[in-house]
Amino acid sequence: MNILKIAAFSDGDKGGNPAGVVIQPSLPSDDEMQGIAAQLGFSETVFAMPQGQGWRVRYFSPEAEVPFCGHATIALGAALAMQYGNGDFPLQLNQASISVSGHYQAGQLSAALQSPPTRSTAAPAALLQEALTLFGLGSNQLCPTLPPALIHAGADHLLLAVQERATLSAMRYSLEAGRDLMRRAGLTTILLLWAENRQRFHSRNAFAAGGVYEDPATGAATAALAGYLRDIGWEHGGHIEVVQGEDMGQRSCLQATIPAEKGSSIRVSGTARLMEPRR
Numbered sequence: 043m044n045i046l047k048i049a050a051f052s053d054g055d056k057g058g059n060p061a062g063v064v065i066q067p068s069l070p071s072d073d074e075m076q077g078i079a080a081q082l083g084f085s086e087t088v089f090a091m092p093q094g095q096g097w098r099v100r101y102f103s104p105e106a107e108v109p110f111c112g113h114a115t116i117a118l119g120a121a122l123a124m125q126y127g128n129g130d131f132p133l134q135l136n137q138a139s140i141s142v143s144g145h146y147q148a149g150q151l152s153a154a155l156q157s158p159p160t161r162s163t164a165a166p167a168a169l170l171q172e173a174l175t176l177f178g179l180g181s182n183q184l185c186p187t188l189p190p191a192l193i194h195a196g197a198d199h200l201l202l203a204v205q206e207r208a209t210l211s212a213m214r215y216s217l218e219a220g221r222d223l224m225r226r227a228g229l230t231t232i233l234l235l236w237a238e239n240r241q242r243f244h245s246r247n248a249f250a251a252g253g254v255y256e257d258p259a260t261g262a263a264t265a266a267l268a269g270y271l272r273d274i275g276w277e278h279g280g281h282i283e284v285v286q287g288e289d290m291g292q293r294s295c296l297q298a299t300i301p302a303e304k305g306s307s308i309r310v311s312g313t314a315r316l317m318e319p320r321r
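Position 232 (the sequence shown) corresponds to 274 in our numbering; numbering is contiguous.
In short, the hints are calculated from the structure, not lab data.
Where a beta carbon is used, it is the ideal one built from N, C-alpha and C, also for glycine.
Possibly wrong hints are sitting among the right ones.
Distance ranges between label pairs, derived from CB positions [stated by the list, open to error]:
{"hint": "1", "residue 1": "Gly77", "residue 2": "Glu238", "range": "27 to 35 angstroms"}
{"hint": "2", "residue 1": "Gln93", "residue 2": "Ala167", "range": "39 to 47 angstroms"}
{"hint": "3", "residue 1": "Ala80", "residue 2": "Gly178", "range": "42 to 50 angstroms"}
{"hint": "4", "residue 1": "Met43", "residue 2": "Ala167", "range": "41 to 49 angstroms"}
{"hint": "5", "residue 1": "Leu69", "residue 2": "Pro189", "range": "37 to 45 angstroms"}
{"hint": "6", "residue 1": "Thr299", "residue 2": "Glu238", "range": "15 to 23 angstroms"}
{"hint": "7", "residue 1": "Gly305", "residue 2": "Pro70", "range": "31 to 39 angstroms"}
{"hint": "8", "residue 1": "Asp273", "residue 2": "Asn136", "range": "18 to 26 angstroms"}
{"hint": "9", "residue 1": "Ser68", "residue 2": "Gly180", "range": "48 to 56 angstroms"}
{"hint": "10", "residue 1": "Ala148", "residue 2": "Glu206", "range": "19 to 27 angstroms"}
{"hint": "11", "residue 1": "Arg226", "residue 2": "Glu277", "range": "30 to 38 angstroms"}
Please take these sequences and the hints and turn them into a complete structure.
Structure (structure tokens):
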């Protein structure tokens with residue numbers, strides 16, 4: 043089995059979020075896919091097989107299957123471009139149909155995904171209090187113009203925006219307690235966010251639900267964030283940039299294009315880098 047290792051949303055030839063990519067004529071069994079993901083230890087591994095005019099896709103973290111993963115989709119788009127040429131690739135997920143475009147030229151990789159539809163709602167008071175306790179935060183540390191919310195673009199995330207960049211850098215939590223909270227609440231990640239300005243954000247993503255303390259680049263959460271900003275009338279100008287992974291030494295750069303239609307798909311794009319020479 044040929045397993046590609048590709049870091050998505052890289053910062054040039056550094057950083058990004060590593061993903062395993064497996065492209066085969068048929069998908070392995072559930073147990074085999076879970077075992078491969080656990081052995082690789084990346085936050086996600088994506089498995090794809092041809093289906094009709096597109097690809098059947100599934101995503102596995104080291105501990106569980108997830109419904110959608112942005113950085114692994116970017117890695118898949120880059121891998122498909124390397125193997126089949128530049129273009130657009132329809133993807134059938136467990137719960138949604140999306141697409142990814144991949145580009146490979148002169149050794150440089152990039153990709154852009156179209157997310158599932160987005161939605162957001164205010165965070166329930168009890169869940170918010172549990173999350174604040176988990177991270178040791180007070181409500182006075184939250185940003186009043188970006189209220190806590192449940193955000194969705196193929197997967198569910200809890201958004202906590204803070205007022206100061208230093209609060210983001212100081213993020214700490216118990217992996218075990220975070221896993222319990224996220225699984226009970228049906229959350230894929232908890233997104234901590236700081237707004238540098240109206241179009242540039244810094245984020246950290248706790249991914250205890252998947253057995254990973256922190257994700258260095260989270261395309262699904264960025265798509266959900268973009269949809270949330272649209273929902274609250276944030277002056278985003280149709281485009282945002284998210285810098286993630288800096289505090290863990292894996293700086294990642296994510297771009298999101300935001301159309302006006304409420305709930306519509308978000309385009310999330312970035313560069314990628316092959317972590318090992320092609321075999």
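Q. Failing hints, ascending?
A. Hints 1, 3, 10 are the ones this structure does not satisfy, whereas the remaining hints hold.
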